[in-house]
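Counting from 7, one number per residue, gives the positions in the sequence shown under this note's numbering.
There could be a bad hint or two in this list.
To be verified - Each computed DSBU-like pair below joins lysine-lysine, with the alpha-carbon atoms no more than 30 Å apart: (1) Lys94 - Lys115; (2) Lys94 - Lys48; (3) Lys149 - Lys160; (4) Lys160 - Lys81; (5) Lys137 - Lys160; (6) Lys94 - Lys28; (7) Lys114 - Lys137; (8) Lys48 - Lys86; (9) Lys115 - Lys149; (10) Lys86 - Lys137; (11) Lys149 - Lys94; (12) Lys48 - Lys28; (13) Lys115 - Lys28; (14) Lys114 - Lys149; (15) Lys81 - Lys149; (16) Lys160 - Lys86; (17) Lys48 - Lys114; (18) Lys115 - Lys86; (19) Lys86 - Lys31; (20) Lys31 - Lys48; (21) Lys115 - Lys160; (22) Lys160 - Lys94.
I should point out that these hints are in silico values taken from the structure, not numbers from a laboratory.
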Amino acid sequence: MSDERKHLTMKDLPETERPYEKCEKRGAESLSDAELLAIIIKSGTKGEKAMDVACELLNMDPVHPGLEGLLHLGKGDFRKLRGIGRVKSIQLMAVCELARRLTRTGFKKGYVFRTPQSIADYYMAYMSCLKQEEVHVMMLDTKQRMISECLLTKGTVNASLIVPREIFIHALQENAVGIVLVHNHPSGDDTPSREDLAATERVRAAGEIVGIRLVDHIIIGGGHYTSLCSNWHL
């Protein structure tokens with residue numbers, strides 16, 4: 007095979023700069039973000055090394071550069087880069103999903119969600135990267151441990167409907183004594199809209215009737231969150 011057609015790999019780098027060797031000798035913690043990505047990518051393509059592709063990946067999202075930006079990318083985005091085909095895009099999607107799930111490993115069964123921050127931490131990695139608005143409901147027991155959770159609605163980029171009847175059907179089926187609403191603003195602005203405040207008040211009032219307390223309504227946007235019940239005194 008001629009040099010022109012040969013795929014460039016990390017073996018083209020000096021041995022001291024090869025991510026595999028560095029990882030083996032010094033540990034994964036010694037590698038930069040780009041080097042860790044290069045190990046996953048494995049090889050580049052004609053004219054680009056794996057490290058080049060890794061650096062491009064880390065700068066693809068103009069709003070969230072670096073590793074955080076990867077969580078905002080999908081299969082179609084990955085495949086826009088030379089050197090990222092079907093298999094590598096699937097591998098990167100799997101790595102990103104593992105990263106999201108790892109953020110929840112600290113929430114063991116029986117974890118007590120005492121604060122708005124703890125609820126936001128549970129949902130942040132997943133919901134802050136969504137391009138559509140989603141509404142999730144967390145069902146809680148008497149000690150504010152999560153019994154279950156469900157996706158209530160998935161709407162357009164601008165709006166989702168929050169229907170009290172559907173929420174409390176789920177909550178009553180689970181014998182919940184409290185619920186938490188969580189939804190995202192794809193714009194990244196976690197400021198509640200007039201509709202958010204009105205919907206929260208409707209759910210709170212309906213909960214009083216059926217005897218299930220609305221513990222909080224958390225809005226997530228761009229790595230930040232707002233607690234409506236804490237900040238808006240609902």
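Results for each hint:
1. Lys94 - Lys115: violated (34 Å)
2. Lys94 - Lys48: OK: Lys94 and Lys48 at ~9 Å, within 30 Å.
3. Lys149 - Lys160: With Cα atoms ~29 Å apart, Lys149 and Lys160 stay inside 30 Å; holds.
4. Lys160 - Lys81: holds (20 Å)
5. Lys137 - Lys160: holds (10 Å)
6. Lys94 - Lys28: Holds: Lys94 and Lys28 sit about 22 Å apart, inside 30 Å.
7. Lys114 - Lys137: holds (28 Å)
8. Lys48 - Lys86: holds (17 Å)
9. Lys115 - Lys149: holds (13 Å)
10. Lys86 - Lys137: Holds: Lys86 and Lys137 sit about 18 Å apart, inside 30 Å.
11. Lys149 - Lys94: Outside the cut-off at roughly 44 Å; violated.
12. Lys48 - Lys28: Holds, at about 14 Å.
13. Lys115 - Lys28: violated (38 Å)
14. Lys114 - Lys149: Holds, at about 15 Å.
15. Lys81 - Lys149: violated (40 Å)
16. Lys160 - Lys86: Status holds; Cα separation ~27 Å.
17. Lys48 - Lys114: violated (34 Å)
18. Lys115 - Lys86: violated (40 Å)
19. Lys86 - Lys31: violated (34 Å)
20. Lys31 - Lys48: Roughly 18 Å separates the two Cα atoms, so the pair holds.
21. Lys115 - Lys160: holds (26 Å)
22. Lys160 - Lys94: The given pair, whose Cα atoms are some 28 Å apart, holds under the 30 Å limit.
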